[in-house]
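Given chain A's structure and the hints, the job is docking chain B onto it.
Residues per chain are reported as follows:
There are 2 protein chains.
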Amino acid sequence: MDDMPQAYQDLVQELQSIAVLRSCASVLSWDEQTYLPPEAAEYRAEQLSLLAGMSHDRATSPKIGEWLEQLTDEAALGGSESVAAANVREAKRGYERSTKLPRRLVEELSRVGTLSQQAWITARKNDDYETFKPWLTKMIALKREEAAALGSESGLAYDALLDDYEPGATTEIVSQAFQQLREQLVELVAAIRDSGVEPQHEILTRRYPTETQRQLGLHAAKAIGFSFESGRLDVSAHPMCCTLGPRDCRLTTRYDEKHFPGAFFGTLHEAGHGIYEQGLDSSAYGLASGEACSLGIHESQSRMWENLVGRSMAFWEHFYPETQQLFPEALSDVDLATFYGAINDVRPTWIRVEADEVTYNLHIMLRFEIEQALIAGDLSAEELPDVWNKTFHSYFGMTPPTHALGCLQDVHWSIGLFGYFPTYALGNMYASQIFQQAGTELGDLPTMFRKGEFTPLKEWLNKNVHAHGRYYRAPQLVEKITGTPFSAEPLVNHLRSKFGPLYGLG
Amino acid sequence: MDDMPQAYQDLVQELQSIAVLRSCASVLSWDEQTYLPPEAAEYRAEQLSLLAGMSHDRATSPKIGEWLEQLTDEAALGGSESVAAANVREAKRGYERSTKLPRRLVEELSRVGTLSQQAWITARKNDDYETFKPWLTKMIALKREEAAALGSESGLAYDALLDDYEPGATTEIVSQAFQQLREQLVELVAAIRDSGVEPQHEILTRRYPTETQRQLGLHAAKAIGFSFESGRLDVSAHPMCCTLGPRDCRLTTRYDEKHFPGAFFGTLHEAGHGIYEQGLDSSAYGLASGEACSLGIHESQSRMWENLVGRSMAFWEHFYPETQQLFPEALSDVDLATFYGAINDVRPTWIRVEADEVTYNLHIMLRFEIEQALIAGDLSAEELPDVWNKTFHSYFGMTPPTHALGCLQDVHWSIGLFGYFPTYALGNMYASQIFQQAGTELGDLPTMFRKGEFTPLKEWLNKNVHAHGRYYRAPQLVEKITGTPFSAEPLVNHLRSKFGPLYGLG
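Top to bottom, those sequences are chains A and B.
Note that our numbering has the first sequence beginning at 28, numbered continuously upward.
Note that our numbering has the second sequence beginning at 28, numbered continuously upward.
Note that these hints are calculated values from the structure, not bench results.
Do not take every clue at face value.
[What the hints assert, rightly or not] Per label pair, the in silico range of CB-to-CB distance:
| id | chain 1 | residue 1 | chain 2 | residue 2 | range |
| --- | --- | --- | --- | --- | --- |
| 1 | B | H246 | A | T467 | 55 to 61 angstroms |
| 2 | B | S254 | A | T467 | 47 to 53 angstroms |
| 3 | B | T426 | A | V262 | 43 to 49 angstroms |
| 4 | B | R220 | A | P355 | 31 to 37 angstroms |
| 5 | A | E349 | B | E349 | 52 to 58 angstroms |
| 6 | A | K249 | B | G223 | 32 to 38 angstroms |
| 7 | A | Q97 | B | E172 | 36 to 42 angstroms |
| 8 | B | E199 | A | V262 | 50 to 56 angstroms |
| 9 | A | H286 | B | E172 | 54 to 60 angstroms |
[To be verified] Chain B regions said to be covered by chain A (calculated; three or more residues, Cβ under 8 angstroms):
| id | region |
| --- | --- |
| 10 | 37-49 |
| 11 | 58-71 |
| 12 | 76-89 |
| 13 | 115-127 |
| 14 | 245-258 |
[Claimed, not checked] With a straight-line cut-off of 30 angstroms between C-alpha atoms, the simulated DSSO-like cross-links for lysine-lysine are:
| id | chain 1 | residue 1 | chain 2 | residue 2 |
| --- | --- | --- | --- | --- |
| 15 | B | K507 | A | K90 |
| 16 | A | K127 | A | K152 |
| 17 | B | K507 | B | K490 |
| 18 | A | K90 | A | K119 |
| 19 | A | K90 | A | K249 |
| 20 | A | K152 | B | K249 |
| 21 | B | K485 | B | K249 |
| 22 | A | K249 | B | K152 |
| 23 | A | K90 | A | K127 |
Note that CB positions come from ideal geometry on N, CA and C, so glycine has one too.
Okay, chain A solo, but in the shape it has when bound:
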């Protein structure tokens, strides 16, 4: 560090100090999701708005611009391939984005987001879309304003937002990947439906005492490598993984006594995110080299542990005896094969987060389609429920009976996360491609899982994915790891080779 240009040292110090301030806001957000008393929501919005404004002020300070201008000579940073050069490149990108946004808008987005989310929680609970509608309208307007301020190469407002979560991605790129995937998924779903095989999914809605669910979840999260010395697991309305600082990663889940997979796979999913966060270089917290590559890559980590590991036969060969023992009332008469079939039951459902591996991506495509229209101004909050239901029907052949099971189910839009959903499906694709490579390099993963050995995979991910931070763009990272360009094929192959035998497909 000492031999770096002074401007670089100053920049790093300032970025890491801004990260401290931002992380304070994360503590407040986490608390908002987990423990906030109802009447405190309004003031929490003021607190978060103030912190957002202060962070924005510092992140857009002219001195950062000056340092960045002094750092255009990449040779002084150790060459264009150096970590320092990547940090500067990403700092520049962040600075340019931030300076396009007025402080008023940033504060307003934070303030309205907090209140809107509280409104969403109540609306979803009461299945009352009308009370949420004005908040969504406000949020869409603010995000359209943000998109207009940011601009995008394509001229699409949606691209400006998407780029924030998946740097470099565009509507066009995502659409192409989805198109390739959609056809094959629809075909696979139809084949499964027509197979006549009916997994006994109802065993998963027997009685599973929540405290025991919590214990098993903690145990599994720890087993796959999430550290509770620098993390926690709590309860919130919407499961999440929230980083409150370089050694402070908080997972949440929700328990339903009559639904085993929700909390268990939710915990594995969030633990997957958490393992990524814990695998980042904590000394570079606040710099690109210490931050996640993209939300798509983030999701690749959560979906890998949730599905490619957590819903595999090998995983349950290890965990099922213990699980069966913990839930004698629900599982004493259920053998492993039946349980495995049930947790891999493929059928259209209302709720995205509870969807199986095959239909899940269709839920994303539906949202991708709808949120593009919301941000383009082609669709209003007023029309949303109707359009949601119709589009849902076109994808799944059925209509949600309530809005809570329809357009009210996800938190994202309430806090302005438009352009976020596609990263989930990208994550599934990245996950399969990366996981396939891990198997090639590490040898027989199922044999390891069967013995409860998850450390080799975790450490391989630490080294090949986490350690790079945001040095590469997501598709570059995938190509660097796997040696082949990013593609939907590994995901399709995985689904076919897993569900083909399960459903007796030819």
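Just chain B now, with coordinates in the frame of chain A:
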């Protein structure tokens, strides 16, 4: 507000905005006490230090000084008796204190305080004073530096610190009040010891399942008037009440299956603090008119609900049948009189927070004596354990067997709270005097408690204590409420009239 001078409006806006920022730090502090993963402590110190520095910068900004200078004409504020004049007076006091402290010191106090507290937690757990000693040494040095920067009329460093918690109080005032009290307490303790009466305190260390303890605590806190719509109860190493915003008051307690009174009276105690906080004018949050009068008055509220209400016979005439039902294993063979005797068992103990009403104040006097010496520079962290044990022996005739039961028991010094302890004993005195007046005005309080009616007292406190915020100094407030000057006599009278009959004293 609109007819107030512009400088007043600006001042109020800025003070309330600083309060938002300070409240963010409170969220982080609360989380530190309750849910922080072990490895996150170091970064939490950075976060809190940054927020402390930023708050300090704003609180000492010259524009506040300019507004205050423009507001010397109290007539423009509605006269010297107006709430606005009191707000300005207190703002001036706060500004003058703050501007005497360099930002570096404020940040250092925050940073070291966070780490030192973590060290204290570990040291107490392991009964290992040596690991805590360097932190305490550092803390004493920082607080001495703070006291020197602040100065005091008496010239005593300790007075500069005391004044922060109990505005207007001095070593001399406190010493006089304590002297008056000590003699009579020692006499009463001796009489009780010689009475031959032996309450069956061992019934309180039978098995009380913690989840049931929690439920009873929640129920009782709610019954006396703490609102869980704008508050919570969690678990922490050291019980506390922490305000995170105008409608966000967090209580904590700790449960021990083999010790009923700890969590129960701890919860009542913290709920008493919480009821005070919830009774303050939330629209004036950040101004003197919306803040507590002093820590002594704060403690008067917690001790009133804990002891004057919660350890009274009438309270248990209402709560005992339910309690007995909740803990059949521990209490089915215990009648009300025996239980009442046990929770009012007077005997020397090691731990302050578990002490009875009579000996409690002696624990405070001990600390008052010792912390004066620490701050005066007459006593070092090196010498503390030995001096603690000797002084403890002089007060209680016995020597703590471990440091965890001795000088390591309290969190206060680890976070630099020197000058804080005396407010606990002042609180006991204020509480008795105020409670006596409440009885005079409201009529027969025990009859109300017997019926589970706590609202009249709570609302009387709302009106007579809470609504005034920090308009008055503590002794003034007590005199205004009761019509007589502050005195230790009501406390002594209360103790004699309660414990005399219990121990068959003449």
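Exercise for the section: List in ascending order the numbers of the hints, as given earlier, that are violated by the structure. Expected result: Of the numbered hints given earlier, those the structure breaks are 2, 4, 5, 6, 13, 15, 16 and 19, listed in rising order.
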